[in-house]
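Throw the hints in and build the complete structure from the sequences for me.
There are 2 protein chains.
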Amino acid sequence: MSIVIVGSVAVDTIETPKGRVERALGGSATYSSLVASRFCPVSLVGVVGEDFSELHRSVLESRKIDLRGLETVPGGKTFFWHGRYGSDPNERETLVTELNVFEKFRPVLPESCRSTRYLFLGNIDPELQHSVLDQVGDGVFVGCDTMNLWIANKRESLAALLGRIDILFVNDGEAAQLTGESNAICAARAILAMGPYAVVIKKGEHGAMLMTETFRFVTPAFPLENVLDPTGAGDSFAGGFMGCLAAAGDTGESTLKRAMMFGTVSASFTCEDFSVAGLANLEYRDIRRRFDEFALMTAVGGEF
Amino acid sequence: MSIVIVGSVAVDTIETPKGRVERALGGSATYSSLVASRFCPVSLVGVVGEDFSELHRSVLESRKIDLRGLETVPGGKTFFWHGRYGSDPNERETLVTELNVFEKFRPVLPESCRSTRYLFLGNIDPELQHSVLDQVGDGVFVGCDTMNLWIANKRESLAALLGRIDILFVNDGEAAQLTGESNAICAARAILAMGPYAVVIKKGEHGAMLMTETFRFVTPAFPLENVLDPTGAGDSFAGGFMGCLAAAGDTGESTLKRAMMFGTVSASFTCEDFSVAGLANLEYRDIRRRFDEFALMTAVGGEF
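Those protein sequences? They're chains F and U, same order as listed. Everything in the first sequence is counted per the working numbering, starting at 1 for the first residue and increasing by one. Everything in the second sequence is counted per the working numbering, starting at 1 for the first residue and increasing by one.
Just so you know, these hints were derived from the structure itself, not from any lab. Just so you know, these numbers come straight off a predicted model, no measurement behind them. Treat the hints with care, since some could be wrong.
Here are the simulated DMTMM-like cross-link-like pairs (lysine to aspartate or glutamate), alpha carbons at most 20 angstroms apart as the crow flies [unchecked claim]:
id, chain 1, residue 1, chain 2, residue 2
1, F, K64, F, E111
2, U, K18, U, D166
3, U, K18, F, E71
4, F, K18, U, E181
Here it is as structure tokens:
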């Protein structure tokens, strides 16, 4: 099956202890779509300005991502983010955020996207996430990301959204902020009580946990020797996770577990290079090879 | 097979955000032995003072731990530690350390221990760890723990020790301190170059990694809702790990992977109560039940 991914498309200037890139391709929907496109057909819904370069567009097009839902605002400027990482890749400082055309973004799904069975709502204002849900049918499986800003400022809208989605992706800090629970299991349980079928709590280089009412799954991160730029790792995780589900056309327990592992290895490729460079030429067979390696690294196997 | 465990036996006063215990049973060899004794027969080699209570001794005796190697110094006082944890269970502050009889501890293995095939050297001065190795035969499989103090002050002795042991247990901070590498894989590789067959890097609530020249294994921690007191978690990990190997009489790849999982679940029981209360009545079937639960939580299973 195919998937629709809604979120930001951006240009990023990124500084890490290992280097710097200027005005590179970024945005939540970009990372998620580049990864998910290795699993299944992807339609991206977002907005860019007239300054969005042909080079950046071609990165998405070369992966056969359907861009009919990517609006270009005449005379507008693309969302810009400038961030800096210190020695801890889990912590970053935002130096500049220019919303530009993203400020007035009102996602409109092309007709071809409205009957999708899989939808990923990247991190945007929960009110916009609601508006996307209003445009799709009932049988859709919805994954959703959010961030500290919306938890603090749009709590009611976000709470209502949680009753409309199937799986929420948050990091450990966001889970604590949303629920007031610092323990990950307690936070996950509180989130499930708000409505979604499942929640994934991401811990960056320390892995991730999936919880539903009936089972949990925990995974370490794929161990990396050289993290160049963690930007987009969480979006890539969600892209691999949701792409795995859509490709399987299934959301049962064993597929959700596989999705956790595919999300984890997908994120690892993103971290190994700046911006989307770790994804641009990635093929499914590369992801699959690392998945198999990771499975060997984490499974006791045989009779245990 | 059986195992010999050498290390500290102590009384601890522990403060955590969830409570406090006074002069409770503690020490690295205590935790490791209590856990390992659920897997195989254990002989403990250590030292206590005349003040070591019958109640504390009976906790060890009730687990059938052989205490012929536990020396009692007449008129001496048992090693005392007073520590405090904040909200992050991975960080603690030492308020008081009174070495007492531990200051002049010179471990002497009873004759019955000298032909052991499995030996765990808990965290003591590497010179004493050397002296223990001088008392055993060649065919012994040796696990070894250490700490920041010895890495800083006894580096040469520790480096020489690494050429004499099979597996080193360190936490991520110690691995970085020992090697100058902040990345866990790079640090593990540097440690392997110093001699041991394998290294386990422990990350507390974030799990652990095992690395040899030919394979690696990564595991998250067992997810816990309520951590009361993490004291002894690392020692319990090593006790479960080494106990698993000794019980199997095998140190092959698949047994080492199982040992990582058994170490992880063993540590989780320790964290669920103060001092050794989580271990005192623990049976192998409890550990095994949690192992099976953990295996389900971490393995994708089936054809992936």
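Going down the list of hints, with the structure as the test:
no.	hint	result
1	F:K64 / F:E111	holds (18 angstroms)
2	U:K18 / U:D166	violated (38 angstroms)
3	U:K18 / F:E71	violated (53 angstroms)
4	F:K18 / U:E181	holds (15 angstroms)
Violated hints, listed in ascending order, are 2, 3; each of the other numbered hints is respected by the structure.
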